[in-house]
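*Asks:* Taken in order, these protein sequences are the chains called L and E. In terms of the working numbering, the first sequence has 348 at position 348, counting the first letter as 1, and numbering is strictly consecutive. To convert a position in the second sequence, counted from 1, into the working numbering, add 488.
Please keep in mind that the hints were generated in silico from the structure rather than gathered at the bench. Any given hint could turn out to be false.
Claimed, not checked - Straight-line distance between alpha carbons at most 25 Å, and here's what the computed BS3-like set of lysine-lysine pairs gives:
#1 L:K273 with E:K556
#2 L:K408 with E:K619
#3 L:K222 with L:K192
#4 L:K251 with L:K192
#5 L:K273 with E:K591
#6 E:K750 with L:K273
#7 L:K413 with E:K610
#8 E:K557 with L:K413
#9 L:K404 with L:K222
#10 E:K608 with L:K123
#11 E:K557 with L:K119
#12 E:K591 with L:K123
#13 L:K432 with L:K413
#14 E:K768 with E:K610
#15 L:K315 with E:K750
#16 L:K125 with E:K591
#17 L:K408 with E:K610
#18 E:K591 with L:K119
#19 L:K408 with E:K608
#20 L:K315 with E:K549
#21 L:K404 with L:K374
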Amino acid sequence: MATIEDKSIFSSYIKKEGLFDEVFDKNGEVKEVYQKLLDLYGTRTIDDYVDLNNKAKSSFFNQGITFQVYGDKQSQEKIFPFDLFPRIISTDEWETIEQGAIQRNIALNHFLWDVYHDKKIVKDKIVPIELLSSSPNYLHQMMGVDPPNKIYNHISGTDIIKHSDGDYYVLEDNIRCPSGVSYVICNRTALKRALFGVFNHYKTHSVTNYAENLLHLLETAKPPGVDMPVTVVITPGMFNSAYYEHSYLAKAMGVELVEGRDLFVENDFVYMKTTQGPVRVDVVYRRIDDLFLDPMEFSPDSALGVPGIFAAYRKGNVTIANAPGTGVADDKAIYTYMPDIIKYYLGEEPILKNVHTYHCSRPKELQYVLDNIKDLVVKPVDEAGGYGISIGNRLTKDEIERVKSEIKANPRKYVAQPIMSLSVHPTYIDQKESFEQRHVDLRTFTVLGKDEQFVLKGGLTRVALKEGNLIVNSSQGGGSKDTWVLKQ
Amino acid sequence: MLYEYEIDYDTRNSYEKGLNEAFWQFLVIPEENDTQELTYWHFENDLGERNSVSQNGLGFKTVQVRSKKELDHIKFNAHFKLTKKEINPFDFELPLDINEERKLVDSLDFRVDHEPYLRKTKFTQLLEEHKTIYTFDPKKSIFENLTELNHWAYGHLYFKTGVTDVNTSLDEIIENRHGVCQDFTHLFCAIAKHHGVPTRYVSGYLHQGHGFFGDSQMHAWAESFVPNVGWIGFDPTNNVLANHNHIKVCHGKDYTDCAPLKGVVYTLGKNETEYSVFVKASQQQ
Numbered sequence: 001m002a003t004i005e006d007k008s009i010f011s012s013y014i015k016k017e018g019l020f021d022e023v024f025d026k027n028g029e030v031k032e033v034y035q036k037l038l039d040l041y042g043t044r045t046i047d048d049y050v051d052l053n054n055k056a057k058s059s060f061f062n063q064g065i066t067f068q069v070y071g072d073k074q075s076q077e078k079i080f081p082f083d084l085f086p087r088i089i090s091t092d093e094w095e096t097i098e099q100g101a102i103q104r105n106i107a108l109n110h111f112l113w114d115v116y117h118d119k120k121i122v123k124d125k126i127v128p129i130e131l132l133s134s135s136p137n138y139l140h141q142m143m144g145v146d147p148p149n150k151i152y153n154h155i156s157g158t159d160i161i162k163h164s165d166g167d168y169y170v171l172e173d174n175i176r177c178p179s180g181v182s183y184v185i186c187n188r189t190a191l192k193r194a195l196f197g198v199f200n201h202y203k204t205h206s207v208t209n210y211a212e213n214l215l216h217l218l219e220t221a222k223p224p225g226v227d228m229p230v231t232v233v234i235t236p237g238m239f240n241s242a243y244y245e246h247s248y249l250a251k252a253m254g255v256e257l258v259e260g261r262d263l264f265v266e267n268d269f270v271y272m273k274t275t276q277g278p279v280r281v282d283v284v285y286r287r288i289d290d291l292f293l294d295p296m297e298f299s300p301d302s303a304l305g306v307p308g309i310f311a312a313y314r315k316g317n318v319t320i321a322n323a324p325g326t327g328v329a330d331d332k333a334i335y336t337y338m339p340d341i342i343k344y345y346l347g348e349e350p351i352l353k354n355v356h357t358y359h360c361s362r363p364k365e366l367q368y369v370l371d372n373i374k375d376l377v378v379k380p381v382d383e384a385g386g387y388g389i390s391i392g393n394r395l396t397k398d399e400i401e402r403v404k405s406e407i408k409a410n411p412r413k414y415v416a417q418p419i420m421s422l423s424v425h426p427t428y429i430d431q432k433e434s435f436e437q438r439h440v441d442l443r444t445f446t447v448l449g450k451d452e453q454f455v456l457k458g459g460l461t462r463v464a465l466k467e468g469n470l471i472v473n474s475s476q477g478g479g480s481k482d483t484w485v486l487k488q
Numbered sequence: 489m490l491y492e493y494e495i496d497y498d499t500r501n502s503y504e505k506g507l508n509e510a511f512w513q514f515l516v517i518p519e520e521n522d523t524q525e526l527t528y529w530h531f532e533n534d535l536g537e538r539n540s541v542s543q544n545g546l547g548f549k550t551v552q553v554r555s556k557k558e559l560d561h562i563k564f565n566a567h568f569k570l571t572k573k574e575i576n577p578f579d580f581e582l583p584l585d586i587n588e589e590r591k592l593v594d595s596l597d598f599r600v601d602h603e604p605y606l607r608k609t610k611f612t613q614l615l616e617e618h619k620t621i622y623t624f625d626p627k628k629s630i631f632e633n634l635t636e637l638n639h640w641a642y643g644h645l646y647f648k649t650g651v652t653d654v655n656t657s658l659d660e661i662i663e664n665r666h667g668v669c670q671d672f673t674h675l676f677c678a679i680a681k682h683h684g685v686p687t688r689y690v691s692g693y694l695h696q697g698h699g700f701f702g703d704s705q706m707h708a709w710a711e712s713f714v715p716n717v718g719w720i721g722f723d724p725t726n727n728v729l730a731n732h733n734h735i736k737v738c739h740g741k742d743y744t745d746c747a748p749l750k751g752v753v754y755t756l757g758k759n760e761t762e763y764s765v766f767v768k769a770s771q772q773q
């Protein structure tokens with residue numbers, strides 16, 4: 001008797017014990033929000049899926065949706081690996097995420113105002129002064145400066161995970177130049193193209209309204225007296241890893257994409273060079289870090305910035321988003337005080353949890369970290385993009401010793417957290433032509449405007465493509481998934 | 489008594505390969521404060537470009553010049569007239585209780601309010617082995633300690649031009665024991681900050697009628713915050729308190745915040761900078 005080989009798409013999917021699977025519950029049953037999707041995908045074989053996936057991949061490459069990895073010998077453009085099986089978030093869960101992200105980012109904005117004005121939170125001994133005085137991103141040039149609408153972190157990227165206990169935790173607050181939103185939109189476009197039929201069965205919030213909301217909220221911070229603001233996106237240039245995103249956002253907002261040398265400052269006003277002569281610029285969405293913004297004020301050898309732009313900003317003649325000096329709150333050491341920061345300014349309990357963090361700068365906690373390094377993730381406080389992270393239970397003996405001596409040499413530079421078990425999601429693995437469990441997180445995007453906030457209903461679900469890996473950053477070999485937030 | 493001064497700041501920057509776009513910022517305008525008043529100022533550059541007055545990040549006036557012509561040099565001249573009041577540096581009452589004073593300086597509120605000028609920078613950070621090079625006497629007031637530090641720094645370094653430059657580190661200066669006003673000032677700032685006294689780097693002009701060191705260039709000295717008194721200027725290069733001969737332009741955490749000229753030029757070749765300063769006491773009233 002011939003057996004029919006099971007070729008359905010989840011035929012070889014293995015559900016490991018102890019992992020929180022986003023699609024299947026503890027008993028292996030499909031969760032309600034995914035049921036319809038599995039019914040639809042279930043009528044297909046894995047071979048159909050492979051075909052579909054190849055088509056989507058070539059579409060990404062043709063559109064130039066790529067990124068670069070720093071530190072590679074030959075820096076090469078890669079496509080951001082994208083998975084056609086979406087992640088779905090229910091209305092209720094999203095409510096928590098959205099409220100939590102707004103709460104957090106408003107609290108961060110209060111914190112920034114405070115540390116550049118009265119510094120009450122430090123005088124009240126909630127946050128230690130050393131955190132500010134040791135931060136190169138604490139800009140004295142911003143002391144007493146009132147940014148338009150009192151907003152510093154116009155755009156924030158809050159990284160959230162679901163732990164094996166089923167609760168959402170914030171892993172990081174990215175408020176310098178968080179990137180990734182262009183992938184959210186491209187993922188949606190690609191998925192709609194590949195699987196348009198599926199969208200008829202779900203009521204999903206749109207993500208393509210991000211750019212118009214961003215432009216609208218940025219323009220609420222236009223300089224006084226300006227009626228129709230001219231907004232630009234400033235990029236470090238085409239060699240930056242997120243250049244695709246910079247150009248995408250400029251195009252989607254309908255504004256110019258510029259580099260530092262395309263702008264100039266005269267009499268404390270910022271102008272853009274155009275073929276029709278200089279055009280005054282009112283709002284600058286900058287994707288350049290603070291220290292490169294203006295060689296007159298910050299790093300003097302920066303060729304990326306615009307000489308004189310900070311003086312124009314201080315005078316109120318141009319709005320820079322995010323505000324200079326915002327980076328001081330984008331620090332893994334500040335992160336650990338977030339529950340206190342939220343309570344201090346808002347008098348509320350944090351809606352989203354924080355991962356417990358040990359500060360190596362505190363002698364007792366340093367000892368704990370050194371003794372328990374196997375069960376901890378050690379992170380440098382000032383690196384972005386997942387660089388420099390050590391996961392205790394993945395280290396060899398030699399590596400452990402090396403990490404320990406690095407921590408001891410510079411304790412302020414490191415924090416440690418318990419190893420969080422990120423939830424897993426069925427993910428298509430190219431090499432194996434099958435679905436496997438992979439760890440995922442979620443980067444959400446919040447925009448603060450004058451008396452209004454916008455959280456992109458969706459966000460970037462990042463996938464750690466290597467089996468068992470917990471680091472999801474694209475620079476560390478991560479991929480992404482389209483993320484659906486369901487309407488009621 | 490009022491002193492009247494005329495100041496000339498002249499600079500010429502030349503660029504070997506030439507350039508076609510540049511931005512310069514001069515931090516050379518005397519500050520207006522309780523003791524000095526600017527009565528006349530005039531700027532000139534030989535490129536025919538506009539001299540725009542702006543402000544740096546710490547609120548001091550700057551002159552900015554932008555050019556997009558092809559050029560191989562810029563000559564810039566600033567001319568100022570100002571009046572300066574007679575200052576008696578000792579004209580204040582010192583707080584009586586030395587312990588109270590110390591307690592205040594060590595308090596959290598004080599450290600938070602003065603964080604910018606307690607922060608160690610590349611040029612004002614003492615190496616571990618240099619931290620004991622000069623210690624404060626706990627039985628003396630902060631002002632007395634600072635005065636003695638001023639005297640000590642004056643004696644510890646020998647004034648010598650051409651052996652240090654803007655990139656010389658503090659530990660080299662401490663080891664080699666010579667330098668110019670900028671090095672004396674960084675040393676003073678580093679030790680005062682190390683002892684918890686907010687201290688800032690001051691850039692300005694020195695009227696050299698009295699045999700002071702200063703070398704017809706811009707001068708540097710320090711200002712320290714003494715509780716109940718305020719900011720007091722110490723000139724460790726000359727072992728004096730800042731007086732009516734010290735004409736302040738700006739202050740900052742260290743030289744980096746106070747460089748008289750910053751520029752962004754798009755060129756490949758070498759460039760050369762020369763400048764001179766002339767301070768003349770025109771009249772005494």
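*Asks:* Would you pick out the hints that fail for this structure and give their numbers low to high?
*Replies:* 3, 5, 8, 9, 11, 13 and 14
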